[in-house]
Amino acid sequence: MSRIAKNPVAIPEKVEVVVNADSIDVSGPLGKLSQPLTGVVNLNRDGETLTFTAANDGAHARAMAGTLRSLVANMVHGVSTGFTRKLTLVGVGYKAQAQGQMLNLELGYSHPISHKMPEGVTVKTPSQTEVELTGADKQVVGQVAAQIRGYREPEPYKGKGVRYSDEVVQIKESKKA
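Residues in the sequence shown are numbered from 1 upward in steps of one, following the working numbering.
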């Protein structure tokens, strides 16, 4: 059995979990998420906890038990407290401005970049060089952050670009003449 799957998932009071034959639905104050189920994982609900076990002794079933447990734990955390990803713009003249579901970026190109936020992700700009993404689905929030970072990744000589707030960019030494 997977080490991760051994840990049960606790369900908070304000979160509702519905287990169907082919999916699991989790709803809470921040939204509703759904995950399809496979036949290789058994799901057991004991009051306010969920436990996951592999249906057979195969390696795939053991791996999927841990994977499904992590996905459901992230769903429960997402609909109760949510996920936040912060980005920082480093460079002269680099700016970000949130307008509703659009994020307008100026990253040193000859044109501005407009990025539309997907359903369930909200964007805030506390300052011109900070972007804060918030949502219930961890995968979607991380994917949007990666797409925004991809417009201008940090370069290794001056460190200019869009980076995660906790990212450390290794600065290379310039070529000596």
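Source of the hints: derived by calculation from the structure; they are not laboratory data.
Watch out, some of these pointers could steer you wrong.
Straight-line Cα separation of at most 35 Å, DSBU-like style, residue types lysine-lysine; simulated pairs [said to hold, decoys possible]:
hint, residue 1, residue 2
1, K172, K124
2, K158, K172
3, K160, K172
4, K95, K160
Hint-by-hint comparison with the structure:
Among the hinted pairs, K172 with K124 is consistent with the structure: their alpha-carbon atoms are about 32 Å apart, no more than 35 Å. With a C-alpha separation of about 8 Å, the suggested pair K158 and K172 falls inside the 35 Å cut-off, and the hint holds. At most 35 Å may separate the alpha-carbon atoms for a hinted pair to count; K160 and K172 meet this at roughly 13 Å. A C-alpha spacing of about 12 Å is found between K95 and K160, which places the hinted pair at or below 35 Å, so the restraint holds.
In terms of the numbered hints stated before, the structure departs from none.
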